[in-house]
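Protein chains in written order, with the working numbering: chain A, 1 to 451; chain B, 1 to 226.
In case anyone wonders, no lab produced these hints; they're calculated from the structure. It is possible that some hints are incorrect.
Said to hold, decoys possible - In silico SDA-like pairs for lysine to any residue, Cα to Cα no more than 20 Å straight-line:
#: 1; chain 1: A; residue 1: Lys-402; chain 2: A; residue 2: Glu-416
#: 2; chain 1: B; residue 1: Lys-214; chain 2: A; residue 2: Gly-252
#: 3; chain 1: A; residue 1: Lys-319; chain 2: A; residue 2: Lys-405
#: 4; chain 1: B; residue 1: Lys-214; chain 2: A; residue 2: Pro-212
#: 5; chain 1: A; residue 1: Lys-405; chain 2: A; residue 2: Thr-321
#: 6; chain 1: A; residue 1: Lys-297; chain 2: A; residue 2: Gln-115
#: 7; chain 1: A; residue 1: Lys-405; chain 2: A; residue 2: Ile-442
#: 8; chain 1: A; residue 1: Lys-135; chain 2: A; residue 2: Ser-125
#: 9; chain 1: B; residue 1: Lys-214; chain 2: A; residue 2: Pro-173
#: 10; chain 1: A; residue 1: Lys-405; chain 2: A; residue 2: Ala-196
#: 11; chain 1: A; residue 1: Lys-297; chain 2: A; residue 2: Leu-406
#: 12; chain 1: A; residue 1: Lys-342; chain 2: A; residue 2: Arg-410
#: 13; chain 1: A; residue 1: Lys-421; chain 2: A; residue 2: Thr-354
#: 14; chain 1: A; residue 1: Lys-319; chain 2: A; residue 2: Gln-113
#: 15; chain 1: B; residue 1: Lys-214; chain 2: A; residue 2: Asn-251
#: 16; chain 1: B; residue 1: Lys-214; chain 2: A; residue 2: Asp-171
#: 17; chain 1: B; residue 1: Lys-214; chain 2: B; residue 2: Thr-171
#: 18; chain 1: A; residue 1: Lys-402; chain 2: A; residue 2: Ser-413
#: 19; chain 1: A; residue 1: Lys-319; chain 2: A; residue 2: Arg-199
#: 20; chain 1: B; residue 1: Lys-214; chain 2: A; residue 2: Ile-253
#: 21; chain 1: B; residue 1: Lys-214; chain 2: A; residue 2: His-378
#: 22; chain 1: B; residue 1: Lys-214; chain 2: A; residue 2: Gly-377
#: 23; chain 1: A; residue 1: Lys-99; chain 2: A; residue 2: Ala-61
#: 24; chain 1: A; residue 1: Lys-297; chain 2: A; residue 2: Ala-323
Note that this is a predicted model, so its numbers are computed, not measured.
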Amino acid sequence: MFASRSRLLADSRFRVARFIAAALVAVAFAISHVAFAAQPEVRTPPEVRADPNQFIVVAVANPVTGRPAAVGGTAHGYGTGSNYRVSATAATQIRDLSKQYSLTLVSEWPIEQLQMHCVLFRIPSGTTRDAMIEKLRADKRVLIVQPLNEFESATAPKAEGGAQRTPGGFDDPYAKLQANVSALDVEEAHRLSRGAGIRVAIIDTGVDISHPDLVGRTALTRNYIDNDAAGFRADRHGTQVAGLIAAAANNGIGIVGVAPDVRLLAFKACWQPNATSSGRCNSFTLAQALADAIAQKSQVINLSLVGPSDPLLEALVAKATEAGIIIVGAVSPDPRFDFPAKLPGVLPVGEAETTGAVTDQIIRAPSRDIVTLVPNGHYDFASGSSLATAQITGVVALLLAKDQKLGSARMRSLLEQSTEKHDTTRGPFLSVNACTALAQVIHGALCGHTS
Amino acid sequence: MGARIPDTHAEAWSLLPWLANGRIAAEEREWVDAHIQSCAECRAELAQQQRVATQMSTDGAARAESGSDEQRSFNKLWARIEASEAAAPAAQIVSAGGSRAPRMVRWLAAAVIVQAVALGVLVYAALSGGSAAADKFITVTSVTPRMGLRADAPAVRVVFAPGASIDTINTLLTHQGLQIVDGPGTAGNFTAALLPDAVASGASAESVASVMSKDPNVRFAQPVAR
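Work the whole structure out from these sequences, hints included.
See the structure below:
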């Protein structure tokens with residue numbers, strides 16, 4: 001038996017046949033994977049979330065013209081019909097880097113927008129992260145090397161006390177509690193625009209896309225964290241943000257969104273360690289989401305999260321801005337956190353109720369005790385610059401629906417010019433006025449208080 | 001045996017806050033500690049929770065130190081006097097013996113002012129039966145939650161209608177077995193927790209919120225996620 005098999009193997013013709021068969025199997029495997037790649041997102045391994053300090057992000061050049069390489073398994077293109085793949089050169093460079101520096105490849109993904117191939121490496125034990133980054137920075141093959149930074153959804157301590165303005169008009173029962181909607185003059189603005197068809201990307205935790213006040217508004221969902229669809233809908237922060245932007249108006253339930261006719265693209269790049277905690281995200285999940293948001297032709301990207309400077313994410317934000325996408329980002333009270341609000345082209349949004357200097361060129365919207373959606377069809381009050389950011393994203397969508405060519409610079413000046421001071425029993429605050437901003441781009445439109 | 005692992009994780013996870021604040025039962029502590037040895041995610045979360053617990057206990061200590069409202073006002077006033085003293089050092093350069101007497105006088109003056117303010121508040125509270133006093137009552141209640149109310153007790157977020165009287169609100173809360181634990185927020189939003197008796201008799205945040213939503217004196221009632 002063994003003797004005869006070894007004789008057959010020795011037969012070179014049989015060898016060729018075996019090779020062809022193996023090749024056919026490999027090709028069939030590859031085709032089936034391409035054809036059934038329903039979820040092109042690269043998930044985040046749990047150990048990456050638990051201990052980010054053990055990982056680094058490395059990017060090498062991956063020109064679009066490069067010949068597709070037959071790499072095994074882990075690399076995914078973006079699922080938008082794009083044929084962007086890992087070039088043979090990039091694949092070789094990654095393999096060589098891994099060997100030379102004893103790095104373990106955890107995950108990899110090509111970023112077409114940057115013409116780079118990105119890899120998440122685990123650093124070898126006994127090496128510090130900073131020392132490894134230092135070594136790789138000196139390596140000519142490496143375009144970007146950075147820590148796996150962590151980001152957090154932007155929140156604020158709960159405020160107390162006070163009174164509110166009461167708007168009328170909408171038949172949504174909680175509209176009377178939406179002093180923010182009144183401050184932004186949303187009711188008047190809706191006579192001019194409701195954000196029809198504007199593609200709004202929310203890069204956040206998951207979103208309760210089946211909430212009765214949101215149902216049917218989501219054009220696309222992506223999940224870079226896990227495969228848990230129920231968990232996606234149970235996430236709180238993204239639901240709060242999505243509700244403020246796009247909750248249905250005059251549907252007889254809940255609240256009024258700032259831009260109720262937009263299409264939402266929900267990218268889950270942050271996870272919630274428990275039901276009520278803020279979201280956490282990292283360079284790996286956010287880079288995928290940003291690249292995907294660009295590929296999916298988003299017109300506005302909402303970033304209600306803050307974190308440190310991050311070369312990879314900064315490169316992607318620059319790409320998005322270049323592509324004419326308006327990025328709306330939360331301002332962090334922590335001066336160490338530059339991302340995203342301090343990046344060029346990003347609209348920085350802060351809390352209207354701040355007592356600090358008002359000469360800091362920040363766009364403001366109400367952020368204290370704002371009623372919005374929470375999962376399972378419920379509603380709750382919440383506070384924080386995350387929520388101010390979401391409302392400005394809504395206003396941006398209202399404006400884009402009237403003029404899609406408004407760039408971020410013009411958008412910023414429209415919002416700044418519309419900002420008005422409100423005097424309340426709790427002191428003055430500053431807020432954008434959506435109607436006044438719209439009236440600047442619609443010939444002959446007026447914002448009287450005629451409703 | 002193997003099937004119990006995810007349960008252990010979920011249970012251990014839910015006990016992390018109690019481990020963090022040191023109030024976990026001894027028999028639970030043993031196996032939670034054991035689980036944590038093999039769970040990096042748990043260790044990270046525990047570290048986070050411990051930071052929060054430390055923060056909260058120092059906040060609490062600061063509050064206890066400052067004591068009653070009157071004491072707080074007095075502290076504030078005293079701080080202001082001290083600050084003005086520091087701001088005008090030139091005027092304060094007098095003999096070592098001379099600086100003690102004015103200090104004493106300021107002390108006494110401040111004490112008299114505080115007493116006057118406290119008396120004013122008492123007289124105002126006694127004379128006015130209106131809604132201002134009603135708001136005050138609820139705010140004061142929120143500072144001293146009834147004993148036996150756990151931090152994770154089921155709760156509802158509620159906004160009362162503008163015309164609702166304090167009697168109406170009291171009746172509503174008592175009927176539902178609720179106790180105001182936080183508020184009002186800037187939108188008049190309160191948090192009310194279910195008392196242990198109400199929970200024992202089968203009430204949940206959802207059921208209470210649903211009943212309250214239908215009351216004309218309630219503008220907003222929703223269960224709070226815990």
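* Index of numbered hints that the structure contradicts, given in increasing order -> none
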